[in-house]
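Protein chains: 2
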Amino acid sequence: MARPLQHPSVKDLTVDSLLYALSDPVRRGIVVKLMGCDGMSCNKACDDLPPSTVSFHHKILRDAGLIRSEKRGVAVINTVRKADIDKRFPGLLDAVLRHHKPGK
Amino acid sequence: MARPLQHPSVKDLTVDSLLYALSDPVRRGIVVKLMGCDGMSCNKACDDLPPSTVSFHHKILRDAGLIRSEKRGVAVINTVRKADIDKRFPGLLDAVLRHHKPGK
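So the protein lines, in turn, are chains A and B. Quick note, the first sequence lines up with residues 1 to 104 if you use this note's numbering. Quick note, the second sequence lines up with residues 1 to 104 if you use this note's numbering.
Derived by calculation from the structure, the hints in this document are not laboratory data. Among the clues, some could well be false.
Copies of the same chain are indistinguishable here, so a pair counts whether it falls within one copy or spans any two.
Unchecked claim - Pairs of lysine-lysine, BS3-like flavour, derived with a Cα cap of 27 Å:
no., residue 1, residue 2
1, 71, 101
2, 59, 11
3, 11, 101
4, 11, 44
5, 82, 101
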């Protein structure tokens with residue numbers, strides 16, 4: 001049986017790992033896409049890259065506490081932990097994503 | 001003769017390199033220290049680490065466009081390029097530094 005995916009608690013979120021995760025344009029793009037929907041699988045959020053690369057980026061986002069990955073039926077669906085991040089670091093996520101240009 | 005230090009122009013600043021540079025607590029600490037003064041040498045900004053480490057962190061900050069390093073007499077003095085960054089990415093630097101805790 002696959003081990004359940006790990007998510008840091010709100011108190012364990014750090015500016016270091018959030019900024020590192022958001023310093024990559026592919027990862028910012030995934031977060032922006034997820035913000036605009038109710039949840040999305042990895043390959044749907046990022047269909048122009050190899051699955052292993054997409055999976056790697058999602059792991060960094062999950063470990064940083066930016067996304068939550070949950071099994072829904074046979075799929076793993078990701079959502080942005082916006083409320084958690086805003087609670088811990090108000091304004092940070094919005095300030096970063098405001099400057100994200102799609103496709104960059 | 002030492003080569004002059006390179007600084008990216010305002011139009012070449014990127015969210016990627018700014019966030020990466022700011023994802024390290026030592027580097028955020030240096031930026032915060034420099035914001036509170038007219039300029040500071042590397043070893044004064046960060047006197048509890050080996051000079052090579054301090055120099056490395058300053059290089060990442062300089063390459064990202066966060067600081068400007070200028071010769072003043074025999075010393076190299078660093079200042080934060082706050083106006084340049086605010087012009088290119090309004091609100092980003094303040095939003096990040098607001099959540100920096102000294103000593104972390």
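(request) Any hints from earlier that this structure breaks? Give me their numbers in increasing order, please. (result) The structure conflicts with hints 1 and 4, although it agrees with all the remaining ones.
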